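Student: Now for the letters of each chain:
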Amino acid sequence: MRAKTVDRIATGVIVVIAALILAVLAGLLAFLLIRGLGHISFDFLTSPPQTIKAGGGIGPQLFNSLFLLVLTMIITIPLGLGAGIYMSEYAKENRFTSFIRLVVEVLSSFPSIVIGLFGLLVIVNTFNLGFSLLSGALALTVFNLPMMVRITEQSLRSVPKEQKEAGLALGISRWKTITSIMLPVALPAIVTGTILTAGRVFGEAAALLFTAGMSSPRLDFTDWNPFSPTSPLNPMRPAETLAVHIWKINSEGLAPDASEIAAGASAVLVITVLLFNLGARWFGRFLYRKLTASK
Amino acid sequence: MEELRGKAYVYACILVLIVTIFSIVYFIAVRGLSPFLSDGVGIGEMLFGKTWAPDADVPLYGALPFLFGSFSTSLLAALIAAPLGFCASIFMTEIMPKLGKTVLQPAIELLAGIPSVVYGFVGLSVIVPFLRDTFPGQGIGILAGGIVLSIMILPTVTTISTDALRSLPSGLKEGSYALGATRWQTISRIVLPTMLPSLLTGIVLGIARAFGEALAVQMVIGNAPHIPGSLFESASTLTSIITLSMGNTTLGSPHNNALWSLALFLLIMTFVFVFIVRLLERRAVR
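Residue numbers (our numbering), protein chains in the order written: chain A, 503 to 797; chain B, 52 to 337.
Derived by calculation from the structure, the hints in this document are not laboratory data.
Simulated restraints, written as ranges between beta carbons of each label pair:
id, chain 1, residue 1, chain 2, residue 2, range
1, A, 662, B, 183, 54 to 64 Å
2, B, 108, A, 728, 47 to 57 Å
3, B, 74, A, 726, 28 to 38 Å
4, A, 673, B, 334, 42 to 52 Å
5, B, 183, A, 790, 43 to 53 Å
Nothing here was measured: the structure is a model prediction, and the numbers come from that model. Backbone N, C-alpha and C define an ideal beta-carbon position, used for all residues, glycine too.
Let's have the full structure, built from the sequences with the hints guiding it.
Tutor: Put into structure tokens, the structure is as follows:
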């Protein structure tokens with residue numbers, strides 16, 4: 503009898519805590535959306551920020567975040583794919599492989615601020631790239647590479663063994679088997695994982711404070727020459743991203759409507775991350791149907 | 052030929068990984084060691100000194116307040132997140148697996164995806180005012196930092212203990228139920244002890260994440276460079292002092308070098324956490 507009472511109490515407590523977690527998340531989303539959505543307008547999304555006046559927008563920051571994301575993925579994807587292919591197909595179970603595993607594990611546990619500082623020291627100062635989108639993208643590559651390697655490795659490992667053996671049995675090279683038989687099968691999982699990684703890039707800030715910088719030059723959105731200093735496409739210009747902007751106006755914002763801007767920008771950030779999450783799943787399923795002919 | 056090119060490509064990628072990690076360790080170590088090697092600061096002086104006054108006439112580089120801030124916020128966060136995460140994983144695997152899979156698990160994945168600055172913003176506009184109204188003090192401080200971090204690390208703790216629970220050998224639980232044990236008896240005496248190493252792994256990974264988190268904590272902790280007398284007083288962490296001061300000091304100055312020492316300490320702690328996790332995983336396998 504007593505044991506049953508204890509069981510009931512424990513179950514009750516666990517259910518209450520699970521409900522509490524859900525309530526926290528619901529409250530968090532409700533707070534962000536209710537506070538933020540009212541402030542989001544086309545003007546807010548496209549106009550440049552104001553330093554001391556009210557009514558500033560987040561246009562350049564939003565653009566910078568997206569552009570940085572594209573740059574980062576251009577560098578991360580080929581490197582991550584290569585290292586992931588090595589880990590799943592070429593690595594033998596020896597000391598070297600377990601050392602690489604340790605490297606990936608350590609790299610993924612480095613605090614993002616440490617990566618940012620490394621970027622400041624090596625990319626910004628030593629290589630003299632300055633506070634720029636390119637420096638930011640390189641730092642974020644360091645930050646994302648371990649994720650990308652893991653995703654590729656796991657996706658390739660889940661490809662049925664028969665398909666790989668069939669390829670090898672046809673007498674084509676290992677590399678050809680990997681690229682034209684295994685990669686297409688693993689592609690949906692890789693794409694899903696990659697989009698999720700990209701979502702993380704979008705919200706990352708600490709590593710960018712010291713690499714992409716905390717300011718944006720006045721951008722001229724009619725100038726698409728990537729070598730012009732005011733062109734939005736110039737990868738060598740400093741760029742403040744949306745996440746960095748939220749941090750900055752919360753800690754030193756002078757505009758009278760700083761907290762509204764923070765709320766609006768946070769809502770934009772969270773909505774984007776949500777879209778990335780849903781989009782990744784949807785696109786992964788879509789690709790899977792397309793590539794495997796299953797209904 | 053094709054095979055050779057492919058091999059060259061994957062080995063080049065691996066080489067980039069290795070070079071990256073070695074250069075991170077090398078560059079941060081060179082900078083971080085320079086206060087001890089060339090600026091005449093003692094290691095003990097830095098680790099146990101209580102005063103951080105790099106701009107004073109006689110500069111002092113006591114980093115104890117920051118070490119204290121980092122350890123106390125991340126331990127507090129683990130203290131809050133561990134029981135919550137554990138209950139959530141029990142809920143998802145033992146009590147209502149269906150509801151857990153369709154509602155709680157996506158919710159927790161969502162928590163993991165929310166950017167840290169957004170957590171900082173919510174902390175600043177919800178948790179800090181709440182603490183200010185209910186407790187003495189300004190609301191900013193260790194407790195505010197700990198609460199924000201606990202929500203941030205909850206997904207880490209939950210996911211790892213859920214995975215561990217799912218991979219539990221099924222005979223274990225059935226045997227216990229067959230002997231007439233209640234669900235809670237089974238969970239507390241069979242399931243919990245068996246999965247303890249995995250649970251601890253989750254907690255350590257959570258602490259590691261909290262320890263390295265920079266901006267969310269910086270926004271709510273107050274950033275006063277002293278050891279707080281209570282949970283509600285302003286404090287600082289290693290990451291928050293680096294975030295705030297790095298941009299205002301010139302590279303190579305003693306003040307700047309001291310900040311790199313703090314970064315080196317963060318780096319060393321990462322290795323310590325990875326080491327602990329590996330030890331725990333080895334125990335979990337046995």
